[in-house]
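Got chain A; can you put chain B on it based on the hints?
For the protein sequence lines, the chains are A and B, in the order given.
Residue numbering for the first sequence follows this note's numbering, starting at 1 and increasing by one per position.
Residue numbering for the second sequence follows this note's numbering, starting at 1001 and increasing by one per position.
Hints are computed from structural coordinates only; laboratory data are not their basis.
In this text the structure is predicted, and so the values were computed from the model without any measurement.
Mixed in with the good hints, there may be bad ones.
[What the hints assert, rightly or not] Here are the simulated lysine-lysine pairs, BS3-like style, with alpha carbons at most 30 Å apart: (1) A:Lys-158 / A:Lys-691; (2) A:Lys-453 / A:Lys-411; (3) B:Lys-1158 / A:Lys-319; (4) B:Lys-1158 / A:Lys-664.
[Said to hold, decoys possible] To give a feel for the contact side, a few chain B residues facing chain A, derived at Cβ under 7 Å: (5) Leu-1037; (6) Gly-1045; (7) Gln-1094; (8) Asp-1101; (9) Cys-1105; (10) Ala-1107; (11) Arg-1149; (12) Pro-1154; (13) Ala-1166; (14) Ala-1169; (15) Gly-1170.
C-beta atoms are modelled at their ideal positions from N, C-alpha and C, and glycine is treated no differently.
Read off the chains here:
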Amino acid sequence: MTPPVGPPPKGRLLVHGEVPPPLGRELAVIGRSLDRRDALEKVTGAAIYSSDMTRPGMLHAKILRSPHPHARIRRMDTSRAAALPGVHAVLSCENTEGWHTYWYMIAQPGFPRDIAYSGQEVAVVAAETIDIATQALGLIEVEYDVLPAALTPREAMKPDAPRVPVLDVERPREGNVQQPVYVRQRGDVDRGLAEADLVSESHFSLPTQYHVDIQTRCCIAEWDGQRLTVHEASQGVWNVKRELAKSLGLQEDQVRVVVQSMGGGFGSKAGAQRVVHYAARLAMMRAGRPVRLELTRPEEFMSHPRRYAGEVTMRLGAKRDGTLTALDAEIVLDIGSGSLYAGRYTMTLHQISELYRCANVRVRIVAVYTNTGPTGPQRGVLDPIATFSTEAAIDDLAARLGMDPLALRLKNYAPDFQGLDDTTPPLPYTSKHLDVCLATVAEEIGWESRDRKRTASKGPVRRGVGMAAYCIERGGYAPFSAKADVVAQPDGTVEVQAGVVEIGAGQITVLPMIAAEELGLPAERINIRHGDTDGTHYAPSSHASRITSEVGPAVLQAAAQVRQRLCELVAERMEVSPHDLVAQGGRIHVRGAAERGMTFEAACALMPGPEIRATGSRAPNPDDVIFRLFGAHGVEVEVDTETGEVRVLRIVCSHDIGRPINPKLVESQQHGGAVMGLGYGLYEEAEMDRKSGVLLTPDVHQYRVPTSLETPLIEARNVEREDAFYPYSAKPVGEAPLVGVMPAVRNAIMHALGVGIDALPITPARILEALAAQRAAARTAVAKPGGARPAAEQ
Amino acid sequence: MTTAVSTRPVSLIVNGQPRRVEVAPRRTLAELLREDLGLTGTKIGCNRAECGSCTVVLDGRAVFACSVLAVETAGRVVETVEGLAGPEGLHPLQSAFIEHDAVQCGACIPGILMSLKALLDDRLGAGGDVGGDVDERDIREAVGGNLCRCGTYPNTVKATLAAARALRAGRGARP
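So here's chain A without its partners, still in its complex pose (with noise of 0.2 Å):
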């Protein structure tokens, strides 16, 4: 077993150089449940998307596409599309040789004459009008040699099999598998398997998941000879502007990137986009022409960086009580013609070696390249295929031991992080309150009675109630860059400026709520510039649920510098000491004596220079206490064993959430979240033609999202309690509450009929064929605990 660890370490807000001093009064306006700042423009079709845009003197941009999964290009001749009146640029492999562009910093040739799927770029042209540009594809002549496509990792790890060119060309590989193959061990496994009275083996099977935001990837790019302007649908305009210039060969400070509104991201829009890349190009072949490129629907499915698939193995062994004594993992990833994400595949690690207590932990990740669309971070990226196959396994051991999985999941608890493998320590988490999640989610989804209710329903339609636990790494990441600047100016005006993006999820509503609560101002007095590389400083895009986490403590910081200075310059006039001073409700003033001070307009009017500026700057986490996030779900189903329909009923989420911010913008995280998993979980399905490598449901006709009509109840009932390493306690939130939902559906389906279904989507026609696998069971009377399992797919 894992030693004991201490208490986690004092918790401090996470900057550089002073931390601010304690407010010294309840707080105002954090906590409140106020209005979204964005939403009145959102309601009147006010807001501004880089679609709504129109620059003078654009020209549009198409994409031409390869129609073969694996080919080379013998010949390419672009001279009669050029030569096309309106015509103003193509690029292709025939004029951009060396070039690369950049997502998440990482290398792909820009147009390479391999081609890893069908739907790849082979040419970008601008034109006077969308409909010239098209007609200059039709111009453009390209020879393929096509050759037989891998299309699944079982194809592409046989060893005759083709080699597959990849996006990511930087990354070593051996074949078609991407190097070295992930392990990592604590403890000894097959020890742990020996001492087991019970070893539970399960195999799941989880599909891509395509990101399918509302707005399509669009961009306008603009070059005047000295500096390039982008309009972007982007999550994070620093990331933008740095991946842009080491692609073309700019200084950082020639490229700005501007987002306004955003229509939706999850992970799909967290960097430099083809699209972006290839707009920039085009617009410094045409000085003053800025070039407009939009992606279809069909061409988002086709080729944007999608959620990793993945073919899971799990082993448990157990003791007869339920103790765990090994957990061995083994995932088959399929990445695609490129895995297009900076984080790789740790991140499945904090899910399948921490939830539980084991000493004994085996985890190994072999991610295969194919000939398919390149992958990338999706919400979650990899925890939902960690969560999903640990939580899954967990109810199937606890069928084979003949236990409630609740018991199970609480005889196992890890109060403490237990080391990734031998060579990392056991450390305190900042804080774990997953134990209260459990409970709530128990309470509120009727855990107590969820056998009752499984045998009160009658007739072909059967009840069932499941629930998952989940613990993703997430509360901020390297570099710990970020910085925010606070702005006062004489007349009381107060500004903060932050290099981030709203996505949805709120980002310039929260951050103006903590400068607020720093100066004793309503959230609405502060205003915010954002979404602009022009006069902010960096900061991380609106991914990985670290805005809050990340930027929040920068703010922080810097409204309480401003404070301070006011402080400072009112204790002057006033003849006090800055000390006895606070600041709230709209005025500084003497603690306990309001009428001892001034209006904060007033105790602006007194600054000697234009303005009081203060940087606030995010430290890194410290090294002795672990980040993490945690929570359950708990969800109801009905299903139809008739039809193969499941309708949910309910699904309840208790996240770990230290202290919201914003209560409400968070519950509407948690919906999203919640909606997302109920998709990935029972709908959404993708289907490639295993010929000619075309995705066939490249639309969200066939490609089902769900709709208010399959939508259930969602209720948050979150545990609040401090975490002082964040800031206001308020811990991140984005992606957790779409992880556990896939497995709680699953897990809440396996309870009413006794069957667990081992792939995803959980669509009628698997639940029939393993209903149908049940009864053949039952009639040979093969008692199998965990019930019988659809074939593994392919």
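Structure of chain B alone, referenced to chain A:
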């Protein structure tokens, strides 16, 4: 393929204003609104009647503007999200969407609002004067063709029920 396409004039009423536009025969209502009239509140998410983000109200019915030809709208009445607020302020749906946080990234919201406007106009009347009502099922069905990837559906239901209450109470009533 030729780029010189003949156009024809179309006269229609958009948000209460008579408009006359020269359009190509293949131009859609969504393009007419966004490109000819600059009403970019109406979004295009799929351009083939699958996502609902282009929903507008045409002669009182919610339609996908990407799949209505502009020439078909001659002499007809179109309402878009830009016309939802009146001189007396926001439509009760808009206020309720803000209060109940039924907005995240916002790209689907104009379409969702117009689907619901058609529902409430039909059941309650524009001023809440028809005397009908809506329930949760009606609301879910009315926006069943509007995809929201941020997952605002639960709050959409709450907000619309609140807007219907406000309309029935005569608040926010306007001609």
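Now the hints, each set against the structure:
1. A:Lys-158 / A:Lys-691: Given that 30 Å is the threshold and the Cα spacing comes to 17 Å, the pair holds.
2. A:Lys-453 / A:Lys-411: The hint holds at about 25 Å.
3. B:Lys-1158 / A:Lys-319: Given that 30 Å is the threshold and the Cα spacing comes to 48 Å, the pair is violated.
4. B:Lys-1158 / A:Lys-664: Holds, because 13 Å separates the two Cα atoms, which is no more than 30 Å.
5. Leu-1037: Nearest chain A Cβ about 12 Å off; hint violated.
6. Gly-1045: holds, 5 Å
7. Gln-1094: Since the shortest Cβ distance to chain A is 4 Å, the answer is holds.
8. Asp-1101: holds, 5 Å
9. Cys-1105: At 3 Å from the nearest chain A Cβ, B:Cys-1105 passes the 7 Å test, so the hint holds.
10. Ala-1107: holds, 3 Å
11. Arg-1149: holds, 5 Å
12. Pro-1154: With a closest approach of 5 Å, the B:Pro-1154 hint holds.
13. Ala-1166: The hint is violated - B:Ala-1166 has no Cβ within 7 Å of chain A, the shortest such distance being about 15 Å.
14. Ala-1169: With Cβ-Cβ at 20 Å, over 7 Å, it is violated.
15. Gly-1170: violated, 21 Å
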